[in-house]
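Student: Assemble chain V onto chain U, guided by the hints.
2 protein chains.
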Amino acid sequence: MGKLLIKGATVITMENHDSVFDGGEIAVEGQNIVSAGPAGSAPEGFDPDRTIDASGMVALPGFVNTHTHAAMTLLRSYADDLPLMKWLEEKIWPLEARLEAEDIYWGTMLCCLEMIRSGTTSFADMYFFMDQVALAVEKAGMRASLSRGMIGVGPEAQQALDYGPEFVGRWHGQAGGRITVRLGPHAPYTCPPDYLKKVIEMAGKLGVGIHIHLAETRTEVEDMLKNYGKTPIQLVESLGLFELPVLAAHCVHLDERDMEILAAKKAIVAHNPESNMKLASGIAPVTALLKAGVAVGLGTDGAASNNNLDMMEEMRSAALLQKVSTMDPLALPSFQALGMATAGGAGAMGLEGQLGLLKKGCKADLILLDAKKPHFFPRNDWMAHIVYAAQSSDVDTVIIDGNVVMEGRKVLTIDEDEVYQQVQSRAERLTK
Amino acid sequence: MGKLLIKGATVITMENHDSVFDGGEIAVEGQNIVSAGPAGSAPEGFDPDRTIDASGMVALPGFVNTHTHAAMTLLRSYADDLPLMKWLEEKIWPLEARLEAEDIYWGTMLCCLEMIRSGTTSFADMYFFMDQVALAVEKAGMRASLSRGMIGVGPEAQQALDYGPEFVGRWHGQAGGRITVRLGPHAPYTCPPDYLKKVIEMAGKLGVGIHIHLAETRTEVEDMLKNYGKTPIQLVESLGLFELPVLAAHCVHLDERDMEILAAKKAIVAHNPESNMKLASGIAPVTALLKAGVAVGLGTDGAASNNNLDMMEEMRSAALLQKVSTMDPLALPSFQALGMATAGGAGAMGLEGQLGLLKKGCKADLILLDAKKPHFFPRNDWMAHIVYAAQSSDVDTVIIDGNVVMEGRKVLTIDEDEVYQQVQSRAERLTK
Chain U
2 MGKLLIKGAT VITMENHDSV FDGGEIAVEG QNIVSAGPAG SAPEGFDPDR TIDASGMVAL
62 PGFVNTHTHA AMTLLRSYAD DLPLMKWLEE KIWPLEARLE AEDIYWGTML CCLEMIRSGT
122 TSFADMYFFM DQVALAVEKA GMRASLSRGM IGVGPEAQQA LDYGPEFVGR WHGQAGGRIT
182 VRLGPHAPYT CPPDYLKKVI EMAGKLGVGI HIHLAETRTE VEDMLKNYGK TPIQLVESLG
242 LFELPVLAAH CVHLDERDME ILAAKKAIVA HNPESNMKLA SGIAPVTALL KAGVAVGLGT
302 DGAASNNNLD MMEEMRSAAL LQKVSTMDPL ALPSFQALGM ATAGGAGAMG LEGQLGLLKK
362 GCKADLILLD AKKPHFFPRN DWMAHIVYAA QSSDVDTVII DGNVVMEGRK VLTIDEDEVY
422 QQVQSRAERL TK
Chain V
2 MGKLLIKGAT VITMENHDSV FDGGEIAVEG QNIVSAGPAG SAPEGFDPDR TIDASGMVAL
62 PGFVNTHTHA AMTLLRSYAD DLPLMKWLEE KIWPLEARLE AEDIYWGTML CCLEMIRSGT
122 TSFADMYFFM DQVALAVEKA GMRASLSRGM IGVGPEAQQA LDYGPEFVGR WHGQAGGRIT
182 VRLGPHAPYT CPPDYLKKVI EMAGKLGVGI HIHLAETRTE VEDMLKNYGK TPIQLVESLG
242 LFELPVLAAH CVHLDERDME ILAAKKAIVA HNPESNMKLA SGIAPVTALL KAGVAVGLGT
302 DGAASNNNLD MMEEMRSAAL LQKVSTMDPL ALPSFQALGM ATAGGAGAMG LEGQLGLLKK
362 GCKADLILLD AKKPHFFPRN DWMAHIVYAA QSSDVDTVII DGNVVMEGRK VLTIDEDEVY
422 QQVQSRAERL TK
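Residue numbers (my numbering), protein chains in the order written: chain U, 2 to 433; chain V, 2 to 433.
In isolation and in its complexed conformation, chain U is listed as follows:
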């Protein structure tokens, strides 16, 4: 197993607001962090195969993007500033119907390229042609939790159920453990209760978790209340969904009982502030969720509704949006916001306590920022600098599972020009 030593960086371990070590060091062995802290904190006798001089850089955990639809990069800026149903019915769905398997591979590759360049080291994806997604993730060297989006009506319904065990068998725990699988029933409004029960039963048998959209819009909540007399959260609870590990995307419109359920059942909420703002879905009660003890991670959603996959920006938007929506400037302070973008999403990868922190035993998923930028001067408070002033282009080096995948802003695992050519010609075919 390779040994890597990163020296001279300002090391932000994320154990607490003040665990920031100037001129610190991080020791990595194989896929894991051996130590992270001040100079001299590496174990005695640690003999690295490689040493990275990270003077003038800031080291922090890589970002965990807990909800996206990777290949929707192909639809970036294809349709904007439209009402939700017109956007979906007249623009997004017709184009998605023309997507072919290889489109998904290249769309996902563009997503991986963009995410690595902006400091994201792992992501949770829900889309289709998921074998193509897995191949792209494996090649890119990222960590991912992958789910085929399952629609419980029409001919797709049975196909999606059939695909479940196959996809789990082929990819769960593969790529050196970087890829895991969850079943992905799209949402309660696209998956009727009987179908959801089948999915829940299957996930239980396969020993995997669930990735689902819940309570994204007010209309969804109203429809569920009308049709089932229950909120989306309470409906899926009654079906037994929360007996499994659940990654619940959005959770914008919640009542007290919904929040109690999410907390008690240890669900992970994927908060997508920019998508929720752009589609005018609403503002998730993140401050209340955190207070209720719910684990909240951060996500970008797909590029068609964002329109980038920039977790730095998402983190800042999350913090600012909570402050203004609660009219409390103390809401979601910097340490909590950065925590949401890192360790907060660890559970989405099935790695709670082992991801999103720089400390012994955690996965070696970390990033180095180039701190010689005007917005990082003067050196007052690194946590505030990173949450309120940093840019994703400050990311210089990205390490995932102990491997250097970007260095000096050059992504080593992906041929950038090939990706641009592929996605451009495919988008032209799709939109012509």
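Note that these hints are calculated values from the structure, not bench results.
Worth double-checking, as some hints may not be accurate.
The list treats identical chains as one, so a pair stands whether inside a single copy or across any two.
[To be verified] 30 Å max Cα-Cα, derived DSSO-like pairs, lysine-lysine:
#1 K361 / K292
#2 K92 / K361
#3 K411 / K8
#4 K267 / K361
#5 K361 / K199
#6 K8 / K92
#7 K361 / K373
#8 K87 / K292
#9 K92 / K292
#10 K8 / K267
#11 K198 / K433
#12 K360 / K87
#13 K411 / K373
#14 K206 / K267
Tutor: Below, chain V without anything else, positioned relative to chain U:
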């Protein structure tokens, strides 16, 4: 007068959403744009002294930051996540009291460095030691409207009045016309009516406009109503303020009558979404203001409450915040948002119709973005790409008043290392 030709860029003139010309060109003579449009649109016989090959780049007007406190970069990330009055009284004001003239020069230089690197070509500033600000702006090559913040109580009150004519005399119309001056009464809650009347009278005599904070917080509006029986806007209107050109920062808490006044009196509103979010001041009714016919520009406010000076980010936040706060995904669409960040602020520089557009007769303040970035693929809609996906680090080249001030991300007018050393040592003295 030098002649410059920019060739091969995707030219976004901002005349309307679709005035986007791939492989276009821009001709500049001296300080002004001669032509901007498709290939071959430069005047016949235009013989440039210099040609910039901008293939693979996107050209658009430079950003106009309509409200900031430049030298507050020194206080960046010095105090965050605090209640407003505690932040001001215990942190910001005591530190500001220790600022010396030369600190303001270097703090402003850091601001200019950060702004140029993020595509901002002009800004409206309100602070103190304003001669230092003017010197920094002149050196940096930026365009600016400068105002000394005037507090109408205590010993400062008369000093600020005395400084007005001197500062106007020294700097209004200087630096080749790049620097203009407005008087800067801080706000109705710091400048009593009698004092405001003196400022208004002086501005009228000097032939300059006004830069003022108005209706930033709910508390301010409540206090003005209690003390004067009028909203801040209606109070200053009754004093005759709007008979002058007014740049009104914030305007978060407005009633119908306030908006009518701002529209009728042709005030420019400086909207600062991220500062308003971070300090939990509230959400300005931008959509309603625009509907009422008010000219709205965009601003970052000072770095202590943002914490960067990134107009790309500010523009995106503005668009997303209007959508979610009105629950209308059609609110502030991309062309309108980019317009707010560019031409919308032209009036703040006293250059309405001559700034923020790429067309004949406008000032040659423009930027080139490097489009070879993952978040710009595929090439669907440039307007949406720029508003919803771009990063300020995409800015490659910056031209202000016909002069190239940044090229290949290297700022030509400022010694970057000297700025970092100066601000760092000064911040250490201030905060120790």
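Student: All hints, please: hold or fail.
Tutor: How the hints compare with the structure:
1. K361 / K292: within (28 Å within a copy, 57 Å between copies)
2. K92 / K361: neither (48 Å within a copy, 37 Å between copies)
3. K411 / K8: both (20 Å within a copy, 28 Å between copies)
4. K267 / K361: Close inside one copy (25 Å), not across copies (61 Å); limit 30 Å.
5. K361 / K199: So K361 and K199 fail the 30 Å test inside a copy (40 Å) and across (65 Å) alike.
6. K8 / K92: Neither way: K8 and K92 sit 50 Å apart in one copy and 34 Å across, limit 30 Å.
7. K361 / K373: Answer is within: at 28 Å inside a copy they meet the 30 Å cutoff, but 38 Å across does not.
8. K87 / K292: between (37 Å within a copy, 24 Å between copies)
9. K92 / K292: between (39 Å within a copy, 28 Å between copies)
10. K8 / K267: neither (37 Å within a copy, 57 Å between copies)
11. K198 / K433: So K198 and K433 fail the 30 Å test inside a copy (41 Å) and across (62 Å) alike.
12. K360 / K87: Intra 47 Å, inter 35 Å, cutoff 30 Å: neither.
13. K411 / K373: both (18 Å within a copy, 13 Å between copies)
14. K206 / K267: Answer is within: at 20 Å inside a copy they meet the 30 Å cutoff, but 68 Å across does not.
Violation of the numbered hints given earlier is confined to hints 2, 5, 6, 10, 11, 12; the remaining hints are satisfied by the structure.
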